[in-house]
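2 protein chains.
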Amino acid sequence: MQIKRVGQFTVVLENLPRIIATGTAVGPKEGGGPLGKRFDYVASDRMLGQKSFEKAELELMKEACNRALGKAGLARKDMDFFLAGDLLNQIITAGFTAATLNIPFLGLYGACSTAGEAMSIGSMLVDGGYARFVLTAVSSHNNSAERQYRYPTEYGGQKPPYSQWTVTGSGACVLAHSNEGIKIPLVTPGRVVDAGINDPFDMGSAMAPAAAQTLVDHLRDVRSNPEDYDVIITGDLGGFGTKIFRELVKEKSGHDITDCHVDCGLMIYHDDDREVNSGGSGCACSAVVTYGYFLPEMLKGNYKRILWIVTGSLHSPTTYQQGETMPSIAHAVVFEN
Amino acid sequence: MQIKRVGQFTVVLENLPRIIATGTAVGPKEGGGPLGKRFDYVASDRMLGQKSFEKAELELMKEACNRALGKAGLARKDMDFFLAGDLLNQIITAGFTAATLNIPFLGLYGACSTAGEAMSIGSMLVDGGYARFVLTAVSSHNNSAERQYRYPTEYGGQKPPYSQWTVTGSGACVLAHSNEGIKIPLVTPGRVVDAGINDPFDMGSAMAPAAAQTLVDHLRDVRSNPEDYDVIITGDLGGFGTKIFRELVKEKSGHDITDCHVDCGLMIYHDDDREVNSGGSGCACSAVVTYGYFLPEMLKGNYKRILWIVTGSLHSPTTYQQGETMPSIAHAVVFEN
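Listed in order, the protein sequences are those of chains A and B.
Those letters in the first sequence? Residues 277 to 613, per the numbering used here, in order.
Those letters in the second sequence? Residues 277 to 613, per the numbering used here, in order.
Think of the hints as simulated: they come from the structure by calculation, not from any bench.
It is possible that some hints are incorrect.
[Stated by the list, open to error] Straight-line C-alpha distance at most 20 angstroms; calculated SDA-like pairs for lysine to any residue:
no., chain 1, residue 1, chain 2, residue 2
1, B, 327, A, 596
2, B, 526, B, 501
3, B, 331, A, 593
4, B, 280, A, 291
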């Protein structure tokens, strides 16, 4: 039995599965941001005509899936798996979307890293011939996340400057064997890191060590340097997390990645939008920025090789109320064109 | 590219990944049940010396993982993936267990079907050569589940006869290429079915249609009959769900499975235990009964071919408070020896 791995943690996808289509759907705030024109669908209001935030989030995921399927020219029945997750308890957005799709469903939870987890599993299932087509999707909604994770949003409490703003949106993609699309040659699934942070507003500090560990693992496994990638993209470290991440990478590996690293959380909103504090976050953050901006730019020839490191904080309201820390994770995926 | 599938939904695992070891840890009520002597570890009290139900559940999952690794004669560092999930919000039991293991972690959520989901994904990753060893784990704890899903347990409200009792326990297993252990030749991941049930106590009625659909899909895909299996095991349909499941299978396929079907939820507690009402449920139910009883019996030669159908209801407290139905899912896995 041939083992398709290199180094300690990295999986080699010899058959080069591809992202053949993506779909992105966002809320009005994201649509008004600097990448607004890059998204397939921008809702005119955050409720999307629904009665609850949760139902609005569901509409976003259904829309993103439909856009991805439409661009791929494929139907639901062509999909062998639907890999999806979100931030809500019992991943109800994914579950209720799956209830409308009639595709075999594997529910995932990796907090804001879920897009990377879905891409990792989906690309292995396609690479190994276990699926012809895989549909992945993740979502988050600012108001459903606030309601669940923090406090009743009506209270309108002030937030610290290192807090982040949950992105309202959903990103979906279709993975397949194909002669066209973005190739996925390598994935490095992450190990959980507990940096001892227990302030749920401070997700950047909690996730930065996980991102640094996965990056260093990946570079060591594949004997690469940061310069071998046109850009290293992290999911949602925000301003504070980005600073810590770069320092940790420098400390652990000696590499200064300042010039080749960007964070989706720092790209999705305007720099002068003070409401978002340290930047965007949520499952949708890395997904809509990457699927809406980076992968299309890659198809235009503006990037040849991207390392995508998607970060998540695995805490819950119960664990932080019980005084626990926030274990975090980051999954890395390589995109090539 | 060869596609390793048969029929519409079933994946063929040509390299026959194996379950090389399992670990089970349960609470005192389960230890006092008819299968009590089959479990590797029985806690003497439901708190396991911890301050909270959630921490007690965490101890159970860590114990089950350690037992499985110990029986396999392997260390944490030998594992390429840890696939785990549980019922708690943000799957904190799995996340916090992963924080202690230092194994690349893919978090799963399929409610009570999570053991089947983990087995399905894990067996594909081993079969395809993406992992040498995969550790899977699921857990549930009666008190942490009651606290989260229903109402403060202190209220002690009466429950309807069709309600089920969440199993306190955890089941883990190690998957690998090996010459020994239980073979996994086929998996049939399920599609979500929404039967319109919206009473969160009535999970049996919600899940039975999903179990019936997956069984019928599986039999059609592999051109088998129920008699081709020594036993068909469902996860946690309970008494009411079992009756509905058998009727639906009869209606959809003409097969009467009364004599070859058993439900883990009806095996784990004593028949005269009125507290459990319709039977056991929870992620741990199917896992500890199957890993603790059926797989060891299989290794003794008492079963040659088992079809394991693991069921889950994908609702959340938020969705049922908002009047939504309970979409359900069931994943099927074939065991051979």
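Which hint numbers does the structure go against, in order from smallest to largest? none
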